[in-house]
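*Asks:* Next come the chains, spelled out residue by residue.
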Amino acid sequence: MFRPRALENIRVVDFSWVRAGPWATRWLGAFGAEIIKIEWPENERGRLPSTTTPQNLEVNLNTSGNFNDTNVNKKSLSLNVRSAKGLEIVKRLIAISDIVLENFSSRVLQKWGLSYRELCKIKPDIVYVSMSGYGHTGRHHHYTTFGPVAQAVSGLTYLSGLPDKPPAGWGWSYMDDTGGMYGAMCALTGLYHRNTTGRGQHIDLSQMVSSVPLNGPALMDFTVNGRGSRRAGYPPGNRTHWPGTPLVNNYRGPTVAPHNAYRTHPGEYNDWCVIVCHSDEEWQRLAQVMGAPSWTTSPKFATVIGRLQHQEELDEHIEAWSMTVGKYELTERCQAAGVRALPVQSAEDRVEHDPQLRHREMYLPMEHPALGLHKVQNAPFKLSGTPASNHLPSPLIGQHTREIVEGLLGYTHEELRAGFADGTFWPTKRARFPYMEEMLR
Amino acid sequence: MSDAQPLPGPLTGLRILELADETGQFCGKLLGDLGADVVKIEPPGGEPCRHVGPFLDDIPDPERSLSFWHYNTSKRGVTLNLQTADGRRLFGHLAATSDVILETFPPGFLGSLRLNYEALREKNARLIMCALTPFGQTGPWRDYASSDLLHMAAGGEVASSGYDEADVPNAPPIAPGGGNAWHMGCHFAYMAIMAALVYRTVAGRGQYIDASIHEACALTTEAAVANYIYRGEVLRRQTGRHHAPGPTPRTQFRAKDGTYVCALVAGRLNPKYVRELADLLDSYGMAGDLKDPKYQEPAVIAANTSHIIDDLVANFIASLRAEEVYHSAQARGFTWGAVRTPEALIDDAHLHDRGFWKEVEHPELGRNFIYPGEAAIYNGSPWRISRRAPLIGEHNAEILCDELGLSRSELSILAENRVI
Numbered sequence: 001m002f003r004p005r006a007l008e009n010i011r012v013v014d015f016s017w018v019r020a021g022p023w024a025t026r027w028l029g030a031f032g033a034e035i036i037k038i039e040w041p042e043n044e045r046g047r048l049p050s051t052t053t054p055q056n057l058e059v060n061l062n063t064s065g066n067f068n069d070t071n072v073n074k075k076s077l078s079l080n081v082r083s084a085k086g087l088e089i090v091k092r093l094i095a096i097s098d099i100v101l102e103n104f105s106s107r108v109l110q111k112w113g114l115s116y117r118e119l120c121k122i123k124p125d126i127v128y129v130s131m132s133g134y135g136h137t138g139r140h141h142h143y144t145t146f147g148p149v150a151q152a153v154s155g156l157t158y159l160s161g162l163p164d165k166p167p168a169g170w171g172w173s174y175m176d177d178t179g180g181m182y183g184a185m186c187a188l189t190g191l192y193h194r195n196t197t198g199r200g201q202h203i204d205l206s207q208m209v210s211s212v213p214l215n216g217p218a219l220m221d222f223t224v225n226g227r228g229s230r231r232a233g234y235p236p237g238n239r240t241h242w243p244g245t246p247l248v249n250n251y252r253g254p255t256v257a258p259h260n261a262y263r264t265h266p267g268e269y270n271d272w273c274v275i276v277c278h279s280d281e282e283w284q285r286l287a288q289v290m291g292a293p294s295w296t297t298s299p300k301f302a303t304v305i306g307r308l309q310h311q312e313e314l315d316e317h318i319e320a321w322s323m324t325v326g327k328y329e330l331t332e333r334c335q336a337a338g339v340r341a342l343p344v345q346s347a348e349d350r351v352e353h354d355p356q357l358r359h360r361e362m363y364l365p366m367e368h369p370a371l372g373l374h375k376v377q378n379a380p381f382k383l384s385g386t387p388a389s390n391h392l393p394s395p396l397i398g399q400h401t402r403e404i405v406e407g408l409l410g411y412t413h414e415e416l417r418a419g420f421a422d423g424t425f426w427p428t429k430r431a432r433f434p435y436m437e438e439m440l441r
Numbered sequence: 442m443s444d445a446q447p448l449p450g451p452l453t454g455l456r457i458l459e460l461a462d463e464t465g466q467f468c469g470k471l472l473g474d475l476g477a478d479v480v481k482i483e484p485p486g487g488e489p490c491r492h493v494g495p496f497l498d499d500i501p502d503p504e505r506s507l508s509f510w511h512y513n514t515s516k517r518g519v520t521l522n523l524q525t526a527d528g529r530r531l532f533g534h535l536a537a538t539s540d541v542i543l544e545t546f547p548p549g550f551l552g553s554l555r556l557n558y559e560a561l562r563e564k565n566a567r568l569i570m571c572a573l574t575p576f577g578q579t580g581p582w583r584d585y586a587s588s589d590l591l592h593m594a595a596g597g598e599v600a601s602s603g604y605d606e607a608d609v610p611n612a613p614p615i616a617p618g619g620g621n622a623w624h625m626g627c628h629f630a631y632m633a634i635m636a637a638l639v640y641r642t643v644a645g646r647g648q649y650i651d652a653s654i655h656e657a658c659a660l661t662t663e664a665a666v667a668n669y670i671y672r673g674e675v676l677r678r679q680t681g682r683h684h685a686p687g688p689t690p691r692t693q694f695r696a697k698d699g700t701y702v703c704a705l706v707a708g709r710l711n712p713k714y715v716r717e718l719a720d721l722l723d724s725y726g727m728a729g730d731l732k733d734p735k736y737q738e739p740a741v742i743a744a745n746t747s748h749i750i751d752d753l754v755a756n757f758i759a760s761l762r763a764e765e766v767y768h769s770a771q772a773r774g775f776t777w778g779a780v781r782t783p784e785a786l787i788d789d790a791h792l793h794d795r796g797f798w799k800e801v802e803h804p805e806l807g808r809n810f811i812y813p814g815e816a817a818i819y820n821g822s823p824w825r826i827s828r829r830a831p832l833i834g835e836h837n838a839e840i841l842c843d844e845l846g847l848s849r850s851e852l853s854i855l856a857e858n859r860v861i
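Protein chains in written order, with the working numbering: chain Y, 1 to 441; chain S, 442 to 861.
Looking at chain Y on its own, in the form it has when it is part of the complex:
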C-alpha cells in the first residue's frame, strides 16, 4: 500500500559524523527526507575504527555494523569540502536543500566559508542546525565533548550510582543518543517554522547544555530549596532512598519500597529483574505472588515508611524468592497480579527474547551490500498516515556520488571523472572501491 512520507521532498545536507549527528539525520531519513551525507574517507570517524564489524568480514569503511544501524535511510556523497572545487559543489547542493546539519567543533563550518550568514546567501530560508559540544555561543564554545564528557559536566553522570561509591554513570554515550534526538527535534521544529513563516534560522544546539535540563528536579531542589545533590545517601542506586539517610526525594518519582533490582534464576550475568511497589496494595499483591510467606505479614513491612526503614531486610527477602524464578516468568507472574516488574534486558534479550518488541516489529532484517542481511532498529512510534520506515541500508562511502553530482546537480560525466582524477571526490592516492570504478565507466 502506498503511504506518503512526512518529509517528502525535504533534502538535508548532512555533514555530521561519529554518532550524535548521524543519529539525528537517521530519523529525518526515516520520515522520508533525502539525506545526503557528505563524507571524506581520510577523516571518517563514524565508519572507522569499527568495533562492530562481523567477525567474518574485513574491517573497512563499509563494514561497521553500528555505522549501518546509525545511517540507514541516507545517501553518501564523498567530497573534499576542504578544496575550492568541493566547496563549490557543496554550495550548489545547499542551494537546492532545506536543512544543513553538522556536528563539528564550533568554528569549523565558518572556517570553510559556510557560516550561517554565508548559508543564507546561498539559500535564504535554510534551516541550519549546528550540534557542537558546547554550542556556538558562550566562552567555552571551543571545548569538545563526547557523550561521556557531556554527561559528566552536565551532572547526569553524578545521578547514577551507589552512595559513597564513585559515580557509576551511564554505560554508553547517552548524550550521543539524546544529542541526536535534539538534533532531529531542532531540525523538525525549524522546518515547521519555515513552512509556516517562510523564514529559516540557525539553531545552535549544544550537547553539554542539552543534558542540563534533564536534571530538572535536582536543579530545582537546589535553586528553590537550596538542597544540593552532594549529600548522604545520594544517589541511592536503584532505590528511591538509602536506609539510614535523610528521607529526601531522589528525583526519579515517588519515594517507595520495594524499588530495586533483584537477582533471578539461574543467576547469570544479566539475570536480574526490577520490582517496584507504588502503594500498600501493590505490596500486598507482591506478597501474594511470592506465596504469602510469613515474613510478609510482619507489621514492619505493612506501611511504606516501614518498608523504607527496613529496606535491607525487605530486599533480602525478596531476592531470596526472586532467585528461584526466571526473570521472564517472574515478570509474567507479577504483572498478571498487577505488580510492577520487568526483566533487566541485555541487547540479546531485547532482540531475541522480548515478546513486546517482537510483536511491535522493532528489529526487522535488511540487506546491506557489504554486511549482508541483518536486523535494523525500527522507529518507536507508528504514524497512521506517514509511517517512519527503514527503506535504504546505510550507504557505502561515496555510493551515491554519481547520482548526486550528475543526476541532482547536473554536472557532466566528464566532470565527475575529472573530479575523481583531481581528488575532489576521492583521495587520488587511495584505492577506490569497485563500485566507484563502476560509476566512472
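Treat the hints as calculated values from the structure; they're not laboratory data.
Be aware that one or more of the hints could be misleading.
[Unchecked claim] Among the chain S residues that face chain Y by a calculated CB cut under 8 Å, a handful are:
1. Leu452
2. Ser508
3. His534
4. Leu535
5. Thr538
6. Ala600
7. Ile615
8. Met635
9. Val639
10. Arg672
11. Gln679
12. Arg682
13. Ala816
Just so it is clear, CB atoms sit at the ideal spot from N, CA and C, and this is done for glycine as well.
Chain S: place on chain Y using the hints.
*Replies:* Here is chain S on its own, set in the frame of chain Y:
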C-alpha cells in the same frame, strides 16, 4: 526581558491539549517552551504527579511540587472530568479547535469514552493525536504496569550501567537516575508530533501516532544492539565508562577534592596525543617520564598504556581539583570533563554566557525562582518559559468561559458537579 517586541517561538499559533501524567508531561513542556499554547487538562483535584517531591520548602502540597513545576512550564491548566458527559462535551469542543492532542491514558481508555482519534477527527481533520504509553497500543505487554526503573531495566539501560568488580564487589547493575525513561519517550514523541505537523503544513491532514516508551528506551543504548546483532556480543558493565565486551582502561579518576574527572585517554594514545599529554602534565610538574623520547614510539606507548593511564594521568588528576583539571585540559584540546553535581552548574560561566538560567515568576507566592533553560538557541524564533506551571484549574474561566463561551454560572455548576 529587554526586547520591546520579542520574536515569537517557532511553534506559536499551535494549540496542544495535554492529557499526560509523569510519562508525558515533559513532551508538553518541550512544545510549550517553543511557543505552542499547551493546555494541560487535569482531572478535578489535579494530576497525581503533583504529589511527587521534592516540594517547595519541603511542605507537601499539589501546588508546591518542584518536579511538577519543572515539567509543566509554559502551559495553561484546566480541570475536566472526562468520566462525565459534560466533561466529554467540553473536551470535544476543545479538540475541535486544537492542533495536537497528547495523551498518556492506558490503551483503550479514550476509546471507551468515545473520545478516540476516529471520533475526534470527524470534527477536525487537521487534528494530530499522539498516544504516548509505556508499551504502545498493541502487543502482549500492552497493559503491563511500569515505572521509570522498570523501563530502564527492560530497555537495556540497566544492563549497561554499573561497576567494575574491583570498585564495588558484587554490585547490582545500576539504573541511572533522574527519570530519564520519561525523557526518552518524550523526545521521540516530540519528534513524531513535529514530523506530523510538518506533513500537515503540506498535506493539510492530521494523523494518529502510537508511541512507545519501551521502544524509545530500547533504542537508547548506543551500539549495544549493534554489538549483539553484528558480533553476537553481550556487553559488560564498567565503572563510569562504556559497556564493553571485555575490560577497557578506566576513564574516571578521583581528583584532589574527592570529586571525579572523566578523562578519555584510552584508545587515543598516539605519539601526538602523548606529546600533548606530557605538556599538560608538565605544566604542573607532573609529567614523570612521559617526556622521554621513547614515548614517540607507538609500540612503547602500547606497552606502557597502564603506566600512562593508571600512574601518570591518575596521579596528575589526584593532585588537582576536578574543575582545574577540566578547564586546563579542555584549554589544551583534551576532551575531558569534571564529573559535576547538578548544582555546580549554577555558577558555570559558559551557561551564563548563553543566558541559560531563567528567572520565572510565581505571582501567587510573590517569589521568583531559577529554572534551567534551553538545549538550543533558535536565532529566529526563541525558546522561552512563558509562564510557571499552572495551578490546579487556573485557566478554567479563561478557557472554558472566555474561549468556549460558557457563562460564569455554568462554570459554577460544573464545579459543583465535579466536572471541573
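*Asks:* Give a verdict on every hint.
*Replies:* Structure-based check of each hint:
1. Because the closest C-beta pair between Leu452 of chain S and chain Y is about 7 Å apart, less than 8 Å, the hint holds.
2. With a cut of 8 Å, the hint placing Ser508 of chain S at the interface with chain Y holds, because the nearest CB-to-CB distance is about 4 Å.
3. Proximity of His534 of chain S to chain Y is violated relative to the hint, the smallest CB-CB distance being about 24 Å (cut-off 8 Å).
4. With its C-beta approaching chain Y no nearer than about 21 Å, Leu535 of chain S sits outside the 8 Å limit, and its interface hint is violated.
5. Look at Thr538 of chain S: its Cβ only gets to about 17 Å from chain Y, farther than 8 Å, so that hint breaks.
6. At about 5 Å, the closest approach between the beta carbon of Ala600 of chain S and any beta carbon in chain Y falls short of 8 Å, and the interface hint on this residue holds.
7. Interface hint at Ile615 of chain S: satisfied, since its Cβ lies 4 Å from the closest Cβ of chain Y, which is below the 8 Å cut-off.
8. The criterion of a C-beta within 8 Å of any C-beta in chain Y is met by Met635 of chain S, whose closest approach is roughly 4 Å, and the hint holds.
9. Proximity of Val639 of chain S to chain Y holds as hinted, the smallest CB-CB distance being about 5 Å (cut-off 8 Å).
10. Given the 8 Å rule on beta carbons, the hint for Arg672 of chain S holds: about 6 Å separates it from the nearest Cβ of chain Y.
11. Look at Gln679 of chain S: its Cβ gets to within about 7 Å of chain Y, closer than 8 Å, so that hint holds up.
12. Interface restraint check: Arg682 of chain S against chain Y, minimum CB-CB distance 7 Å, threshold 8 Å, status holds.
13. A least Cβ separation of about 3 Å between Ala816 of chain S and chain Y falls short of the 8 Å threshold, and the interface hint therefore holds.
The structure fails to meet hints 3, 4, 5 from the earlier list, while all remaining hints are met.
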